Amino acid sequence: LLEQEVWPVYETSLIAEADGIPLAIALKSIEQIAILDREDIRLKDKTFYGTFNKKQLPLIHFADFDQTTASDRPVHRLSDTVPTVILRSPLGPIGLIVNKIEDQFEIVVRPFPETVTAQPCLRGTSVLSDDRIAFVLAEEKIQDLARIFWKKGGRHEL
858 LLEQEVWPVY ETSLIAEADG IPLAIALKSI EQIAILDRED IRLKDKTFYG
908 TFNKKQLPLI HFADFDQTTA SDRPVHRLSD TVPTVILRSP LGPIGLIVNK
958 IEDQFEIVVR PFPETVTAQP CLRGTSVLSD DRIAFVLAEE KIQDLARIFW
1008 KKGGRHEL
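The sequence shown begins at 858 in this note's numbering and counts up one residue at a time.
Hints may be right or wrong, so weigh each one.
[Unchecked claim] Each pair of labels, with its calculated beta carbon distance range:
| # | residue 1 | residue 2 | range |
| --- | --- | --- | --- |
| 1 | K912 | R967 | 17 to 25 angstroms |
| 2 | P977 | D876 | 16 to 24 angstroms |
| 3 | I990 | S936 | 24 to 32 angstroms |
| 4 | T974 | R895 | 34 to 42 angstroms |
| 5 | D876 | P947 | 36 to 44 angstroms |
| 6 | K998 | P970 | 13 to 21 angstroms |
| 7 | D988 | L900 | 17 to 25 angstroms |
[To be verified] EDC-like, lysine to aspartate or glutamate: derived pairs with alpha carbons at most 16 angstroms apart:
| # | residue 1 | residue 2 |
| --- | --- | --- |
| 8 | K957 | D894 |
| 9 | K885 | D960 |
| 10 | K911 | D897 |
Rather than coming from a laboratory, the hints here were simulated on the basis of the structure.
As the structure is a prediction and not an experimental result, all values here were calculated from the model.
We put the CB at the ideal spot given by N, CA and C, even for glycine.
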């Protein structure tokens, strides 16, 4: 069981954007930020892998966590360069594909109200300095959600 957090939570986070959605990712969960070349990304067994530090790294996209069936998933078009946030996980690093990486901020994490059913990979929101609302990733859930995505056969388009 995860320790229950006491709210509000203050943390230093990287702000990135995926499909126009601001995301806050705790710095403590980030191994590195990388810009992968499209030529270095390959599909194997319904999972995309990017070459990073001469190793194959599984890649996921935030939009893949919507829990729909594979046939309902949008096809993600990858640009020539792919900004990727490499997250630490107990089973090894995993790459989160984003559209852009913005900045680093100290944020206040606000939990979702009990009446809101949020995606399991989100643990709350934060109001950014420009008044946008960022979704705060629950890093401990990324690995589990990635496994679900891979089993359902997520789709990307190179």
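Failing hints, ascending? 1, 5 and 7
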